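Undergrad: So the chains spell out like this:
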Amino acid sequence: MGTEKKKLIIDYLHEIQNKYGFIPKSELKKLSLQVNKSPAELYETASSYAYFSFTKKPQKVIKICDSPVCHIKGSENLLKHIEKLIGIKVGEKNSKIGLETTQCLGLCDQAPVMEITHSTGSGQDGKFYTKLTKEKITKILKKQRLI
Amino acid sequence: MPNAYGLTTFHLMKILTKNKFQTWEKVKNLSSPKIIKQVIKSELTGKGGANFSTGRKWELSYPVKYLICNADESEPGTFKDRFILQNNPELLIEGINIAIKALKAEKTYIYLREEYKSLKPKFNKIIKKHSQYDIEVIIGAGAYICGEEMAQINSLEGYRAESRHKPPYPAQRGLFSEKTCVNNVETFARLPLIWQDDFDPKLMLFAVSGDVENPGIYEAVQGIRLADLLKEAQPVDPKAIFFGASGGCLPYDDNLVLTHENIRNKEAMLGAGGIIILNQKRSIVDICRSIIQFFVDENCGKCLPCREGNFRLLQLFQVYLKRKWTVEEFDLIQELIPFVTQGSQCALGQSSTLHLETAIKHFKKEFTDHVENNS
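Quick note, the sequences are listed as chains D and L, same order. Note that our numbering numbers the first sequence so that position 111 is 111, with each residue one more than the last. Basically our numbering = 1-based index in the second sequence + 147.
Just so you know, the hints here were simulated from the structure itself, not pulled from any lab data. Predicted, not measured: the structure shown is a model, and the values here were computed from it. A hint or two may mislead.
Stretch by stretch, here's where chain D covers chain L in the computed footprint (C-beta under 8 Å, at least three residues) [said to hold, decoys possible]:
(1) 216-229
(2) 282-290
(3) 303-309
(4) 411-420
(5) 433-447
20 Å max Cα-Cα, derived PhoX-like pairs, lysine-lysine [as the list claims (entries may be wrong)]:
(6) L:K428 to D:K19
(7) D:K6 to L:K267
(8) D:K7 to L:K267
(9) L:K264 to D:K127
By construction, the Cβ of each residue, glycine as well, lies at the ideal position given by its N, Cα and C atoms.
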């Protein structure tokens with residue numbers, strides 16, 4: 001209604017992240033002029049969120065939930081299984097794929113779960129996979145042509 | 148009506164089929180004081196965990212410039228807001244309409260967690276069709292702490308995802324230094340039900356997960372026995388109940404009465420109704436390790452006791468995977484608990500070691516079995 005639409009810093013950061021797949025320092029400099037905040041302050045803000053990154057992520061990232069509920073449902077063993085399948089350890093990446101653990105995805109009723117994010121030119125899509133087993137993971141990764 | 152889980156008939160969902168936005172048609176002609184009075188009379192309380200009277204909060208806040216719908220649910224074991232967001236977004240928007248009218252809010256933000264962002268287009272459509280107010284959906288960026296209202300305000304203002312000191316409370320000086328009211332998704336969704344004859348303020352959603360046959364969302368009145376709540380969920384050989392990651396734990400007891408007061412008297416917290424059941428085979432020490440890892444990963448880093456305390460605890464809990472604790476190490480674990488609890492600023496930091504405190508209290512032997520030379 002009456003109030004004018006005010007774009008928030010977090011909206012700008014999402015835009016940059018979605019456009020480049022990460023937040024380049026040069027873009028923070030540009031943004032700083034636009035919103036009248038120093039690049040250092042913008043960096044300080046952006047760095048406090050798990051979703052924003054400062055290096056380019058591989059096109060696909062497997063994020064396996066290791067929150068308490070997924071943990072008791074065997075996420076650690078699933079993670080080892082994925083490491084073996086794709087040949088990289090958690091926290092590592094290659095040109096094609098990255099492997100990370102993540103905290104609660106809000107799908108505890110369907111634990112254990114993982115998300116595979118896919119960076120496109122216009123953003124990052126995530127697909128959630130639930131009630132995972134080793135067999136199911138092997139099938140998913142094959143279908144995604146990750147193994 | 149059948150729901151997404153095919154289990155229980157939800158009071159909260161009934162309105163979806165019966166009379167979408169009909170309450171709003173009635174309420175929109177009422178004055179603000181009249182709506183607030185009705186909300187106070189209804190005894191509706193906040194469903195984000197604090198259980199404070201929604202009407203009283205509004206009375207203290209009125210009028211506000213900003214209204215915030217906290218849809219940043221990220222407590223492990225809690226997924227009730229997702230259930231509403233996915234299955235009955237209309238009810239949420241209807242509740243927000245009522246709140247805007249009551250509080251004279253000029254601008255409303257729905258702070259939606261990043262993991263739920265696919266729901267945004269659906270919300271925009273409903274807002275366009277059913278609300279004449281300025282409501283904007285903002286996507287979070289994966290920070291647990293932003294579920295805490297002051298951190299959420301910080302985030303909307305473009306600052307770090309970290310809490311800030313209260314007072315001033317949002318009702319005094321909130322978003323962009325203006326008067327603000329923050330309510331939880333379920334609280335908004337229950338608002339339209341106040342005007343129904345069969346409204347019951349004690350009804351709340353419980354998210355049940357862990358070692359049960361049928362995990363999912365169950366609606367029940369506060370005061371229900373644990374065994375009755377879990378009748379359909381069917382716990383399997385249960386040993387312990389964890390109230391999310393931050394609500395602490397209790398030994399499983401069929402007769403445990405689920406009210407905020409009763410659980411608080413037992414030094415745990417019912418919070419937002421996240422119920423994680425653990426069976427007899429689970430290691431309590433191991434789930435504590437997982438919860439500590441959660442609080443290290445999701446730490447905003449602002450308060451030293453929470454930041455360093457949880458990190459040191461994690462180091463000690465990684466030790467136990469390789470060898471037993473020394474007596475000194477186990478003492479240190481117990482010393483770190485009050486250090487974190489008493490030295491942290493926000494409610495999340497203060498409750499980040501409650502799981503450990505209650506676990507050591509109720510399952511001490513499982514811990515001392517991991518201490519060397521323990522006789």
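Undergrad: Between K7 of chain D and K267 of chain L, is the straight-line Cα distance small enough, at 20 Å or below?
TA: 17 Å, holds
Undergrad: Can the restraint linking K428 of chain L and K19 of chain D be considered satisfied, given a maximum Cα separation of 20 Å?
TA: 47 Å, violated
Undergrad: Can you confirm whether chain D covers the segment 411-420 of chain L, using C-beta to C-beta distances below 8 Å and requiring at least three such residues?
TA: With 0 residues in contact (Cβ-Cβ under 8 Å with chain D), the coverage given for the segment 411-420 of chain L is violated.
Undergrad: Okay, the segment 282-290 of chain L and chain D, do three or more residues pass the C-beta test at under 8 Å?
TA: Holds, because 7 residues of the segment 282-290 of chain L bring their Cβ atoms closer than 8 Å to Cβ atoms of chain D.
Undergrad: Between K6 of chain D and K267 of chain L, is the straight-line Cα distance small enough, at 20 Å or below?
TA: 18 Å, holds
Undergrad: Are the Cα atoms of K264 of chain L and K127 of chain D separated by 20 Å or less?
TA: 12 Å, holds
Undergrad: Can you tell me if the segment 303-309 of chain L counts as covered by chain D, using C-beta to C-beta distances under 8 Å and a minimum of three residues?
TA: holds (count 7)
Undergrad: Would you say the segment 216-229 of chain L counts as covered by chain D, given the rule of at least 3 residues with C-beta under 8 Å?
TA: holds (count 8)
Undergrad: Closer than 8 Å, Cβ to Cβ, for at least three residues: run that test on the segment 433-447 of chain L against chain D and report holds or violated.
TA: It holds, with 9 qualifying residues against the three required.
When each numbered hint is compared with the structure, violations occur for hints 4, 6.
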